[in-house]
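Residue numbers (the working numbering), protein chains in the order written: chain R, 1 to 297; chain X, 1001 to 1297.
There's no promise every hint is true.
Now the stretches of chain X that chain R is said to cover, found in silico as 3 or more residues with beta-carbon under 8 Å [claimed, not checked]:
(1) 1200-1208
(2) 1275-1285
(3) 1288-1295
These aren't lab readings, by the way, just hints derived from the structure by calculation.
Note that CB positions come from ideal geometry on N, CA and C, so glycine has one too.
Okay, here's what each chain looks like letter by letter:
Protein chains: 2
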Amino acid sequence: MRFLDHIDACNRWTRPDFLPWGMAGEILGWVRPPFAEQIVAASTALKSQSRSGFALEHFGPGLEVLSWRVTDLDPSARDDQLAHICQQLHEQNILPAPQGERYPVTPGRRDQARCSIDRAYAPYFGTRAFGQHLNGYVRGRNGLELWVARRAADRRNYPNRLDNMVAGGLPHEADLRENLRKECFEEAGLSAEIADSAVPVGAISYCRATRAGLKPDIMYCYDLELPAELTPVCTDGEVAAFERWPVERVMNTVRETDEFKLNCNLVIIDFLIRHGYITPDDPDYFELVRRLRSPLP
Amino acid sequence: MRFLDHIDACNRWTRPDFLPWGMAGEILGWVRPPFAEQIVAASTALKSQSRSGFALEHFGPGLEVLSWRVTDLDPSARDDQLAHICQQLHEQNILPAPQGERYPVTPGRRDQARCSIDRAYAPYFGTRAFGQHLNGYVRGRNGLELWVARRAADRRNYPNRLDNMVAGGLPHEADLRENLRKECFEEAGLSAEIADSAVPVGAISYCRATRAGLKPDIMYCYDLELPAELTPVCTDGEVAAFERWPVERVMNTVRETDEFKLNCNLVIIDFLIRHGYITPDDPDYFELVRRLRSPLP
């Protein structure tokens, strides 16, 4: 196995499997064609009420677009319209229950969100999701040691797999520092003071097709140097246990296995590059550096 | 001015201005069409001798390729053939004098070089060039301080401009560590022991059209933490003076001015991101992270 294999695994999708959707000439996400039809059907009632809603438009062979007509609506009215459609699709057992957390719907950056959507529906609508991943480490006598988290057995996603010390999604309009404090407390029992000492060190991106739809993700990466005597404590049940590993063990585990949750491998590869553990003597070096930031559709 | 403007400035080129050249179906570089004609003319003598040499091939509108027929030749014979053509073009005042340093000619990585070419001719032939850039810094009481170099007034390229503490090209087959030691000694008077403590922290890439031709470059980046009492000393005349600046001053100078040599801005922007001085609150953050590694042609 090679480090690049993990990047490949996070970047599996095929353009013809998805239709762009958006409004006013902007692409806001990507949906599977059968789901596009279901959205159109669910928005029929809206259309008769207000001439808004979703419609499929054909601009030529292979150029089909799911167009959202929402002129003159403010963001919260857009949120309501999306939520109304999602509610109907949930009642038809096409979508799961909402999670109650808002994610941005944006053609680019978080601060350019045109409206928001429940977190549970982001992958179905293939909207860009943003998150924060933090590597906690200790400068030991024999080099760096990384805190790794073992995910709880009862998690819906990736039970029992290894995880970064702290990792979480960034809700719509959440402040980066506030959200990192919240995640650091919930997942590792860290104080706000310690969370604030985390250093933002870059970002990774990838785009992956899942059963639900498409996940074009941007993850902000943080390094957090911790005192040797601190032991993280999970307070929200996501993590079963924390272990402190020599960085070489983390490196070997990433290189040789799939024990880490899919996208955590990328966050760790970025850490290993920035700290000089993966070096330019690795033939894949430049490919790794470049492909950790995949262009998003 | 924005940080992104420096990335734009390092990525100015237009595909139709260049023809790919290569052999056996591999692209090795990009040349301007008039220079392609001059290469073909200079290789006419070779063709009559050995049926090898350069020829323009038309595969369709806009699909012209400068093809190098060098089957059954070993790398050193290829070097000789390129050198012979370059010598003729130098005698015709089309090319400058050779510099006497070999650069790789590769479709991808340094270790995939098919032959080599004099450093002076790499931009004319639009071959990938590799280099090493090092930021020397000190952990001061009030945060990081960076060593910046003022280039000598008699330099052919970028006289009087600011530079990274150590920066140099990577010759064909040069060992990364050996070359960094050599550059650290020549440009900053650093011992091999100190040079070896530099940490490889990633890479940047960019592609820029120049008067000569095309420069698709990959620069390996290094961080070197230095003791406060050490003062670098230039031993080869490239640098007129070294100054130690608070990182905020370096950041403002990069953001507001063109005082730094073009590609050094990118190396410093990467440093500022990795050390948390440019944060995800900057609206350009992800664009910066991504575009510091431009895909090369």
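Comparing the hints with the structure gives:
no.: 1; hint: 1200-1208; result: holds (count 5)
no.: 2; hint: 1275-1285; result: holds (count 7)
no.: 3; hint: 1288-1295; result: holds (count 4)
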